[in-house]
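Enquirer: Just need the whole structure built from these sequences, with the hints factored in.
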Amino acid sequence: MARQLKRGNAPAQDNRGGCMAQGTDGKIFYFKKKGPSNTDKTLEIALSFCKEQNIRKIVVASSSGETALRCHEKSASMRIEMIAVTYGAGTKYREEVEAFNRNQEKLRQKSIRVVRGLHALSGVERSFENRYKSGFTPLNVVADTLRMFSQGMKVCVEISIMAAEAGYITPAEDVVAVGGSGAGADTAVLIRSGYAASLFDTKIRAVLCMPA
Numbered sequence: 021m022a023r024q025l026k027r028g029n030a031p032a033q034d035n036r037g038g039c040m041a042q043g044t045d046g047k048i049f050y051f052k053k054k055g056p057s058n059t060d061k062t063l064e065i066a067l068s069f070c071k072e073q074n075i076r077k078i079v080v081a082s083s084s085g086e087t088a089l090r091c092h093e094k095s096a097s098m099r100i101e102m103i104a105v106t107y108g109a110g111t112k113y114r115e116e117v118e119a120f121n122r123n124q125e126k127l128r129q130k131s132i133r134v135v136r137g138l139h140a141l142s143g144v145e146r147s148f149e150n151r152y153k154s155g156f157t158p159l160n161v162v163a164d165t166l167r168m169f170s171q172g173m174k175v176c177v178e179i180s181i182m183a184a185e186a187g188y189i190t191p192a193e194d195v196v197a198v199g200g201s202g203a204g205a206d207t208a209v210l211i212r213s214g215y216a217a218s219l220f221d222t223k224i225r226a227v228l229c230m231p232a
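In our numbering, the protein residues as written are 21 to 232.
Hints were generated in silico from the structure; no laboratory data involved. Every residue, glycine too, gets a C-beta built ideally from N, C-alpha and C. Treat the hints with care, since some could be wrong.
[Said to hold, decoys possible] Below, in silico cross-link-like pairs of lysine to aspartate or glutamate (DMTMM-like), each with a Cα-Cα straight-line distance of 20 Å or less:
id, residue 1, residue 2
1, K77, D194
2, K153, D164
3, K53, E64
4, K71, D194
5, K77, D60
6, K94, D60
7, K77, E93
8, K53, D164
9, K77, E193
10, K54, E86
11, K71, E193
12, K130, E93
13, K130, E101
14, K47, E72
15, K61, E93
16, K61, E86
17, K77, E101
18, K47, E64
19, K47, D60
20, K223, E193
21, K77, E64
22, K223, D194
23, K71, E101
24, K47, D164
25, K77, E185
26, K130, E64
27, K54, E64
28, K94, E125
29, K126, E86
[Said to hold, decoys possible] The following label-pair restraints were derived from C-beta to C-beta distances:
id, residue 1, residue 2, range
30, A216, R99, 28 to 34 Å
31, D60, T190, 26 to 32 Å
32, K153, K71, 46 to 52 Å
33, P158, R225, 23 to 29 Å
34, D60, T157, 32 to 38 Å
35, A203, K130, 17 to 23 Å
36, M168, A217, 20 to 26 Å
37, S97, D221, 32 to 38 Å
38, K53, R99, 19 to 25 Å
39, N74, N160, 33 to 39 Å
40, E125, E101, 30 to 36 Å
Expert: Right, dumping it as structure tokens:
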């Protein structure tokens, strides 16, 4: 059954750089620029939407664990299941892996679920790119299409699929996903994710915020 989105008051516009636009299902907050400076506002928008729409799960991209911990801090008064998705052990981003390892016990203590694995929109195909110096693969086309909206949009779709593959969300439920451009967060969406083998069943139900 499709979720009927409730209309309500979106988080008030602030002076940190951004503007509101009226969409068919509510308001989208557009940041003037991408990047980690938008993290707090993105989390506030995402959590406010979860509360308003009775969304019970939030999936957060967190390379070091810090964004997930920040989200947990802001959601202290809410009953919401949080899923942190991070790099797989084989990534080239070793500093982020080490930082996440340092934060992993904190995440566990706060009952934040952790997904660590192959990126859903690159994964094994990356080995063909590296060996044959070819950047054209089907998943690259999907990823680059999502990047036309924002890097964070691609991340939101990717981490949702990874969380579904880990068994923490299902294709039958709406969740909020939060992603960013490198570190931090600048994009949030309401999404119903498919599994990796049913990628095109994924539905982005609403955009909550993103860089302009």
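Enquirer: Next, verify each hint and record whether it holds.
Expert: Going through the hints against the structure:
1. K77 with D194: Roughly 8 Å between the alpha carbons, so the hint for K77 and D194 holds.
2. K153 with D164: 17 Å, holds
3. K53 with E64: At roughly 17 Å apart (the allowed maximum being 20 Å), E64 and K53 satisfy the hint.
4. K71 with D194: 13 Å, holds
5. K77 with D60: 18 Å, holds
6. K94 with D60: 9 Å, holds
7. K77 with E93: 15 Å, holds
8. K53 with D164: It holds: about 19 Å lies between the C-alpha atoms, which stays within 20 Å.
9. K77 with E193: Holds. K77 to E193 sits at ~9 Å (cutoff 20 Å).
10. K54 with E86: Holds: K54 and E86 sit about 18 Å apart, inside 20 Å.
11. K71 with E193: With Cα atoms ~16 Å apart, K71 and E193 stay inside 20 Å; holds.
12. K130 with E93: Measuring from Cα to Cα gives roughly 10 Å; hence the hint holds.
13. K130 with E101: 11 Å, holds
14. K47 with E72: 13 Å, holds
15. K61 with E93: Within the cut-off at roughly 14 Å; holds.
16. K61 with E86: It holds: about 15 Å lies between the C-alpha atoms, which stays within 20 Å.
17. K77 with E101: Since the Cα atoms of K77 and E101 sit roughly 5 Å apart, the hinted pair holds (cutoff 20 Å).
18. K47 with E64: 14 Å, holds
19. K47 with D60: It holds: about 18 Å lies between the C-alpha atoms, which stays within 20 Å.
20. K223 with E193: 11 Å, holds
21. K77 with E64: Holds. K77 to E64 sits at ~15 Å (cutoff 20 Å).
22. K223 with D194: Status holds; Cα separation ~9 Å.
23. K71 with E101: OK: K71 and E101 at ~12 Å, within 20 Å.
24. K47 with D164: Roughly 25 Å separates the two Cα atoms, so the pair is violated.
25. K77 with E185: Answer holds: K77 to E185 is near 15 Å, not above 20 Å.
26. K130 with E64: The given pair, whose Cα atoms are some 19 Å apart, holds under the 20 Å limit.
27. K54 with E64: 16 Å, holds
28. K94 with E125: Holds: K94 and E125 sit about 19 Å apart, inside 20 Å.
29. K126 with E86: 10 Å, holds
30. A216 with R99: 28 to 34 Å: 29 Å, holds
31. D60 with T190: 26 to 32 Å: Once the Cβ atoms are compared, 30 Å apart, the range 26 to 32 Å for T190 and D60 holds.
32. K153 with K71: 46 to 52 Å: 48 Å, holds
33. P158 with R225: 23 to 29 Å: About 24 Å separates the Cβ atoms of P158 and R225, which means 23 to 29 Å holds.
34. D60 with T157: 32 to 38 Å: Given a distance of about 35 Å, which is inside 32 to 38 Å, the answer is holds.
35. A203 with K130: 17 to 23 Å: 20 Å, holds
36. M168 with A217: 20 to 26 Å: Since M168 and A217 have Cβ atoms about 24 Å apart, the given range 20 to 26 Å holds.
37. S97 with D221: 32 to 38 Å: 34 Å, holds
38. K53 with R99: 19 to 25 Å: 34 Å Cβ-Cβ, so the 19 to 25 Å window is violated.
39. N74 with N160: 33 to 39 Å: 36 Å, holds
40. E125 with E101: 30 to 36 Å: 19 Å, violated
Hints 24, 38 and 40 from the earlier list are contradicted by this structure; the remaining hints agree with it.
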